[in-house]
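Asks: Sequences listed follow chains A and B, in order.
For the first sequence, our numbering assigns the number 619 to the last residue and increments by one with no breaks.
For the second sequence, our numbering assigns the number 729 to the last residue and increments by one with no breaks.
Source of the hints: derived by calculation from the structure; they are not laboratory data.
The structure displayed is predicted, hence computed values, not measured ones.
Check each hint, because a few of them may be wrong.
[To be verified] Label-pair restraints from in silico Cβ distances: (1) A:Thr605 to B:Arg589: 43 to 49 Å; (2) B:Pro701 to A:Asp560: 33 to 39 Å; (3) B:Arg43 to A:Val95: 52 to 58 Å.
[Said to hold, decoys possible] Using 30 Å as the maximum straight-line C-alpha spacing, the simulated BS3-like pairs for lysine-lysine come out as follows: (4) B:Lys557 to A:Lys464; (5) A:Lys94 to B:Lys71; (6) B:Lys449 to A:Lys464; (7) A:Lys548 to B:Lys335; (8) B:Lys449 to A:Lys489; (9) B:Lys91 to B:Lys12; (10) B:Lys28 to B:Lys14; (11) A:Lys94 to B:Lys4; (12) B:Lys557 to A:Lys248.
Glycine included, every Cβ here is placed at the ideal spot set by N, Cα and C.
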Amino acid sequence: STQFYKWLNHLMSLHVQTKPSNCSPDWETKVLEYFKEKLKDNEAASWVPSLNDVPVHYLKANSLVKFRCFIQDMFDPEFYMGVYETVDPSSKSKVLRSGKYKDVAECGHQVDLNTKNAVTLERQTFYCVPIPGESPWVKEISFSYSCSNPARVVPSTSYAPCRHKRSYEEDEDMETQPHKQKEQLAGPQGTTDIHGSGDPKRLETEAPSSLSNAASGCSSPLDLNFPLPGEKGPACLVKVYEEWELFKVNDILEVYDCFSTSLVDPMDCTESVEEQRVHCPPASLVPRLHMLYAHRLQHNNPLLPPAASEGQSSSGFLNDVVSVRGELLGYLTHVLLGDALAAEYLILHLISTVYARRDVLPLGKFTLNLSGCPHNSTYTEQLYRVIQQLIPSSFRLGMSLHNMNNLRLVPRKDYTANRLLSGVLQLAPNTSLFLDETQLEQGQLDSTGVRNITALGNLISWQKVDYDFNYHQMEFPCNINVLIASEGKSLLPCDCHVRLQPQLAPPNLEQYISTIQVSLSPSLLNKFRIYLSLLRTLDYSISEEVTKAVEDDFVEMRKDDPQSISAEDLHRLLVVARLLSLSVGHTTLSRDRWMRAKHLETLRTNRTEQQKCVNGNEP
Amino acid sequence: MPPKDYFAEKEKCKKFLQEFYTEDESGKKVFKYGAQLVSLAHREQVALHLDLDDVAEEDPELVESICENTKRYVGLFADAVHELLPEYRQKEVVAKDSLDVYIEHRLMMEERSRDPSDMRDRRNQYPAELMRRFELYFRPPSTAKPRVLRDVRAESIGQLVTVRGIVTRATEVKPMMAVATYTCDQCGAETYQPIQSPSFMPLIMCPSQECVTNKSGGRLYLQTRGSKFVKFQELRIQEHSDQVPVGHIPRSMTIYARGENTRVAQPGDHVAVCGVFLPLLRTGFRQAVQGLLSDTYLEAHCITLLNKTEDDELGAQELSEEELRQITEENFYEKLAGSIAPEIYGHEDVKKALLLLLVGGVQQAPKGMKIRGNINICLMGDPGVAKSQLLCYIDRLAPRSQYTTGRGSSGVGLTAAVMRDPLTGEMTLEGGALVLADLGVCCIDEFDKMADADRTAIHEVMEQQTISIAKAGIMTSLNARCSILAAANPAYGRYNPRKSVEQNIQLPAALLSRFDLLWLIQDRPDPDADLRLAQHITYVHQHCRQPPTHFTPIDMKLMRRYIALCQRRQPVVPESLANYITAAYVEMRKEARVNKDTTFTSARTLLSILRLSTALARLRLVDTVEKEDVNEAMRLMEMSKDSLQADKSSSTRTQRPADVIFSLVRELASEGVAGRGRGGAGGVVRLADAEQRCVSRGFTPAQFQAALDEYEELNVWQINQARTRITFV
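Just chain B, with the same shape it has in the complex (with noise of 0.2 Å):
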């Protein structure tokens, strides 16, 4: 290969620079880089970003000579920049700072004793860095995808990579000396020292021609204020915790940041970098006992801050259509539903309960109040039923999580601790678990061990969405947005239903009645359940994974995206389905007040039916409720009632589904005639009244026509022939 004419390279850059345009609305020209040269040369801009992207749409080639070979071609450009500046000043620039007034100084004294023969221009004398006051860089083209901090590699030195990754520490923002200016005491002519490497070796015996002719010895002086510093720091990032193989520490490397890219991060933040890979210079004696290492830094060229779910975002683009369609076929709702903890047996409704609690509700704020629209769940089980392994895998799923156990965390470390600074002495503010789960999901497990008093941080986390602190002169309210799913062990080790549910969990009604969901996981023998259950374990343990389903459970990455994606939908409850709602809420308080029932309905109920059924409409991706997410979200409710009566229901097992769902049919026909309304006279209900009850009952649509056509067989009912109306004989 031909060694590069990099004058011509030169040539190139100087052409893009000038005539790089973009088309604006109008039509218009807009010159994008020569305005920006324009503000270089009045020195109000400092950084001119090159994006390579423009550079790719002028000259392909020259952006991969560009990340191949970064280092020469900043060089290139920066001569470019710099010979065209002249030409774009349109004003005299007022010098701003000494430096300025320095290069002012040089200039003239070059003109002066400028021989007149020779027409060169003279700025050339100086390094080019002192008499530049713009820093040039570039940024990456959009193809170029950002890599693994273990994938640069020795073969990526000298180039342009990308990579990702979490500041674990910065220093603090030093001058570095760029240009190193010397005198002379005896000749007084200066000496410059452009200066790579982060030490040097002074200058010591002057080089000018009058004292090298007269051996006069001039010693050198170094001068501060003639000498050319930049703004320095030093960032070490590491590989976020999702890029690291099991098993593996995180890398982690050294960035250096200069001039306009210090102070962009501070640790802790998430960071791309895009930068030139460089081996680190050494100088003089330390290049001789260095041997054969060399260590190496990233020279950024633009840092750009991610905040974490961006950051999630960016790796997930949009789903394409394939794996869109392989979510929303058929069922989906309960493939969805399957695939959280696909190696627990069972719970449907549970994980269904999940799958929503996932997806959440649309948040109300109607006037400044603002009603939650995050859903909390609380699972109370006998010991042994998985109730961990479903937090766990929760925890693992959710975008955003935070996991902690009711023993091992106090009311403090839930919400925030107020600490001072050792080094400091300053007062900082901790965020505690709920903090950290802001906008995602707490999961807390043996809820029922935390202690009275830290139980009482989370009542205003449940409903007002925000911890208030009130400490140490502090006074604030911060967010903790999310979820709370939470575990809990029966007060006497196993769950007795014939005790309310405070008295089961011993929990207090105020914080019961904030959760949406309490769900009873108990586990009741039935042959059928018991015998899938024991092929399930069993084929775990003979073959290491969970048996073949009808179903492939969907891969926990496909399964956060789209839940993303469902997230952005905010669905309303069209004015339509709110007297329905209302109707159905009136009859589970008539129906509380007659059972007895050992849980609550209350005005939280409703909320609670609204949230569900938003969230079921966001899973669907549809912008208005419809009936049936409302049947659904009252089914849920009721199946998550009937676990917590577990006497009861099992008592009615022996009743037949169709037994039920007939004297539901009779109730309502017999509230028909006390009413005198809606249901219809006399013994004749409307076919559609009775199935909405039926189902949110808990009932299928099929177990219902079931038990419509085995009473008519009957005689017990009648059904018209366009299967209306039910008329009693």
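Same shape as in the complex, but just chain A (with noise of 0.2 Å):
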């Protein structure tokens, strides 16, 4: 298999370099296919460095690797020359040659601009980052899959990533050595650390906790643009060859690439100095990627064949839905504290998607609002611990005055530097968001926050976020899981209000999380993430009978008492339906799930209600 990836980086230099005036003109379409279909195969891929895994410097230029990443921007269309002419100094022969997959005319040759062969193309550049919020299991397990087999490593360093037998110390070491390799190189130039704060160690423990990170990474000399405070990773300039308009901000996707570091010196005249610094930072920092071919993921849960669509392994998996659901029904009322309506509500919002939109109204997001949460303790983080375990991608913004008032949620366009400038609601497909309001305290929300919270509030209630072009806004639709803890009732809308009614306070709650997390088997613990991910993706429709059934049940229920169900019940009932249908596994709504949905939420709202009467004044 090493010899396989040899062969292909061969494969690889040759296509990039080779001359394309002797051969057929479909010749690199042939290539291209060939790479794809060789590609296909899992184990192939998997010999394919990731760039998510393998630091910049121990890849080889021109070689093949892999990234799965975020399209964070898209840079204006660059023209190239496709084709050009290099004339020989010494023969003065002239010969043909692409210009495709690369930066830099070769060397040693003199390149002749006036040609008439010369030809003018166009390549589309993306900024892509990691996923954001990529949770620390989905790197440990894709990775440690393609680790397994030492003979991995790439020919020309000494470079041994076999990051599962490294024990954590070594493992930062060998993290922050690069970086200080970086620095050193980079140093002159006036950049340093790509991550912005330091020790990259103390990151990887806090960095979703660490908002007042934030400000330190913004500030330093290039901001690499992640959206979420705290993030690190490579970042890469994707040139994209064909088919760009498939693509879209905000995308997750895998892409196979010839890997770049050339350098080219950034002197376009056209460019600002702040547009140059962002355009074309160093290539050691950001690395240049020619796509060769890449694939829209629909998730990042590395236990699913990429496309779950095909589900020959989902099918078998269906069957024992039921019994995995009960387990993680139990796992997640024990988290909640032996809540299990809150539970039952947890699995919902967390299987839940927009699966379509008509017109401003989208369909299918189950916004959760978890209230009673304890004020002034962890258990908020430790809660976010445990979903973080389970879904692939996620992020725990602390609602805190603070954070509020200086964190730009919402990416804006620099005109500047030319780039849209990240926010932390700049997430991929079906992230969760974990908002934390028991961090909110009393004081004064200034424009900035008053902005913030408006935009949250969008984007629970139509799932879209408008990034601020200065002239003008331009709506976004996105795709995000919104649960909210908070103590009372929370201030932003939600789609279903839970009110956490505790049945048990063990004295030390994180050591209590922790007993739990800690006693669920590894396997277990797979089964749960692959449930959540897989059910996500399964398609669900209601017969015409049950529509009828449905809507009588209704005039049925308006008759007796009309206060009791308004429309956007009935669209939450409808929700939660389909949701309670799906987590079971049934693909259509059946009579008894109509009626275990009615009765769940009559549970819940029999809650509220009695909250009600107790606390006399809450809403």
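Taking the hints as your guide, dock the two standalone chains into a single complex.
Replies: Written out as structure tokens, the structure reads:
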């Protein structure tokens, strides 16, 4: 297999350097086809080193790499010489060369710019970053697969990426070293560590909670523009040669690229200094990738096949869906301090996704507000840890006044540097956003704060984020699962409000949760992960018959007590019924499920009613 | 393809410039370009704009070649003009600046050293750019459609393209060297270097005959006064938001503006730019290093400012017959109203009102007094009745609109703020949502949550349609001619019909009376409606789209264009209707007194009726208001009031419409007795009067007819043969 990779690389370099004149015109497409065919094979794909895993400087130039990434920004198209002619200074012989998949012309030849044979072509540059909020377990699993075979060493270096064998300490050393090198390398140019604030280990462990680091991260000379504060990983400029219209901002992709670090001197005259810094950052920091082939990922769960729709494996899994659901319910019930109803709703929330949009109305979103979380305790943090363990990508946003007033939630176009400054709400589809409202204290929201709260409200109600383009706003639809943990009812709108009713009060919350987590077997945990990701992708329908029953039911309920159910309630009830059916692997709604959904809703509303009686003033 | 004979092409250009003419009304030939050449020759004009439409009249092929290979043809035309200019000079021109003097001197120098045997014009020795004081630009043919920025691709390089966008950056205007002039320190000869790229490599060694033969090694020195500079400005434009596919980032493009095209646009302007799409040339070392990439820019030929609304109209041509027919067919009013937010079920009357809000009434300005034409609507309702969705939809439908929430915006955010510019320290005025929505719709959600102080800012806007500022030494009044669409929740969570409107939404009467229509959206149980609602919602969840209705909703774009068409009409209320309206108003006032109404009826109500009826007339694309319009306006008023008096109407629901109509007619009859006038003596009522009365109360003519028949059968009243009179038995 090492041979296979070597051979691929060889082919690559051939492909990159060959002259298009002496072969058939469809040669290029044929080669690409061949690559795609080869890479379909999972085995083969796993031999290709991944930029998510291997540090940039261990990779050979012009070799094949893959990168699992998130499109953060799209730059203006680039015009390049698709075909150019070189003149050998000694023999004066002219040779046609292809300019695809490379940044600079080959050395040792003089480029003849005035020849008629030159063809100007266009390519698109995407600014890609690793998937924001990717949970640590996703990285662990996806690279332990590829690392299991130590033969995968890139031949030209001594680097042996056997991550799973290394202890944490070593890992840290390996991590910091490259940065130091990079610092030295980049030092004279005034750029420092990409990760902004120092020690990567600290970031790795604290990243989600340390929002205060964001400020220091942004002030670093070269802001790599990650959507979430405290993120790390390589950012890449991916050059796309065909069908770039198919990709959208915020898509997650797996790209197979030709890796290139060749330095192009940034001296574009049409660009200002700021622009140059952003568009042509040093290649050692932001490598250039030339896309050969990419596919859009529906999810980034390494335990599932990339295209989950072709579900041979999934059909097998569906058989024991019910038992897994039972286990998960039990687990979450423990985590939620014995509240089974809240656990039920949490499952529904975790498998919800926006499956369609009707004009402005997103269908299928299910924002959950979990109120009654103990204030001033680490419970919400613990809860987030548990969810992070289950979900491939997530982010916890502590809604403290400081964060609300200072964070940039909505991406903004920076015209001086001509790029999209990322914000926390620029997230990949199906990312879980955990809003921690228990951190909110009394005080003054300034205008940024008000705008941020409005943006969160819009996100929840319409599943869209209005990116700020200074002269106008642009609406970007999104698909983010929002979970709000609060003390009382949240100030943000939500689809569903569940009051947490703890059945037990363990003296040491932290210890309690960690015991639960430890007692969970890894295989079961993986089953949970598959369960949650897989169910999202299932199709669902309602039969005519059940539809009729639902309609009659609604009319009947309205007749008894018009206040009890409104159009909005019906919407929610249908969503709950849908999620409930899906959660047991049913793809159609049955009458029983409908009744069960109604029952759940009644239980839930009764609980809020009760709370109202207790509290009096809570709306 | 044989190479083009550019000499012949130049002759074509010359011929065109000399011979093109248009005929004015009296049939006289007007030499459009001839005249301009004269003023160019006299240095009265700098830029010569060649309209490619004119060229197309003479030689369509030439236009094609121009568009394909623009840069070359600019040169050809410039040469042609240059050669023609001396012929067009009618008087001696006084030198205007140093460059003129230089040109003159250079010509004289050439004259003196001219070889008598050589009859060639010696001006050829100088670079053409140096001797020319005119600029030549093409104006795109009207057939060429402006392109979307992302459609300008590699194959457009070298071509004349027209793009539209918003200016995001504009540099200062700077002089840019077009021809560098050097003098030699040994022989004194002048050397010229035309410059095409943003940077150049200065010449060092003197190339003159004398220095080369003597090998004297003369050094060249750059001469600023002798060089030619042009004004230069770099712009950056970005795609309009509506041209960007969903989920993509808007593209941008660099534009080089020279000479007369500078200082045309500022950041934030919407522009259409026609120009040549070119790769950026680099020279020397950079060319070698730049590798395989090339930057591109658009060399501007013609920059036109568009304002946003005009720009929208540009995209929307006149409605075709076909489309007009599609809209104005049977019951188009219902159809248009139904097309507003089709995914929200029901609320026909609210949608009708919103449609009228979009169309707007006619603004009257008799003798300096201004009576607004914009219609303000306030939607109230229990939580969860899709108010916000309606607002959202209107925000998207209206060509110009602002959406804010009451909770999120302060008075300053709504009206205007005085800001200090961080760079220059100047005070600047920044418009708030209401100012930005000028001539549009301002949607304010959660109107009730707004702080009182902020709400007062809206008072002025809602009636006077201006915003007065007296802050930080700036005293001014800004236009805010916008319609306000507000949504509010009732104060106690749900609407309490036993309390008055002010108590229910806790808004002051002064503000409430400024809304033309107040609408309470309540959800009341009603099995039929509920079933339809349920069907609607389940259908949406089942099929991800709204159920098929008896009509297909009109496309948003078409709707926008139709509304724009409507807004051009200025219907008037004819004299004959005045009496009718006054009578109706008096009637409403009286009723308000009797019923101890929870709402108001004031002079503003009358104005509202007028506004609504003119809006209805506009919607029908006519120039006079008709009685039906007034009736419909009054019906809407009545319905909106009805919705507020939820309690009463739900109790009268048990009363059949026929009964209500009967009591109305009887009332009319007794009035007739009391007033001894209008309706007729005794128990006789004119049928037309009765019908009007009923229709203005929100009954349909069909209901009225049914009631007539029913009570006639009961022998309560009799109707004469001609069906003009009702006589009580």
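Asks: Hint check: A:Lys94 vs B:Lys71, CA-CA at most 30 Å. Holds or violated?
Replies: Within the cut-off at roughly 29 Å; holds.
Asks: Verify the proposed pairing of B:Lys557 with A:Lys248, using a straight-line Cα cut of 30 Å.
Replies: holds (25 Å)
Asks: Run the distance test for B:Lys449 versus A:Lys464: straight-line Cα separation, threshold 30 Å.
Replies: Distance of about 24 Å is within 30 Å: holds.
Asks: Using the beta carbons of A:Thr605 and B:Arg589, state whether their distance is inside 43 to 49 Å or not.
Replies: holds (47 Å)
Asks: CA of B:Lys557 to CA of A:Lys464, is that 30 Å or under?
Replies: Given pair B:Lys557, A:Lys464 holds - Cα atoms ~22 Å apart, limit 30 Å.
Asks: How does the Cβ-Cβ distance of B:Pro701 and A:Asp560 compare with 33 to 39 Å: does it lie in that range?
Replies: At roughly 37 Å between Cβ atoms, A:Asp560 and B:Pro701 fall inside 33 to 39 Å, so the hint holds.
Asks: Against the 30 Å threshold, does the CA-CA distance of B:Lys449 and A:Lys489 hold or violate the hint?
Replies: holds (18 Å)
Asks: Confirm or reject the claim that B:Arg43 and A:Val95 have a C-beta distance inside 52 to 58 Å.
Replies: holds (53 Å)
Asks: CA of A:Lys548 to CA of B:Lys335, is that 30 Å or under?
Replies: holds (28 Å)
Asks: Given the hinted pair A:Lys94 and B:Lys4, is their Cα-Cα distance within 30 Å?
Replies: holds (27 Å)
Asks: Need the status of pair B:Lys28, B:Lys14: alpha-carbon distance at most 30 Å?
Replies: holds (22 Å)
Asks: Within a Cα-Cα threshold of 30 Å, do B:Lys91 and B:Lys12 meet the stated pairing?
Replies: holds (27 Å)
Violation of the numbered hints given earlier is absent; every hint is satisfied by the structure.
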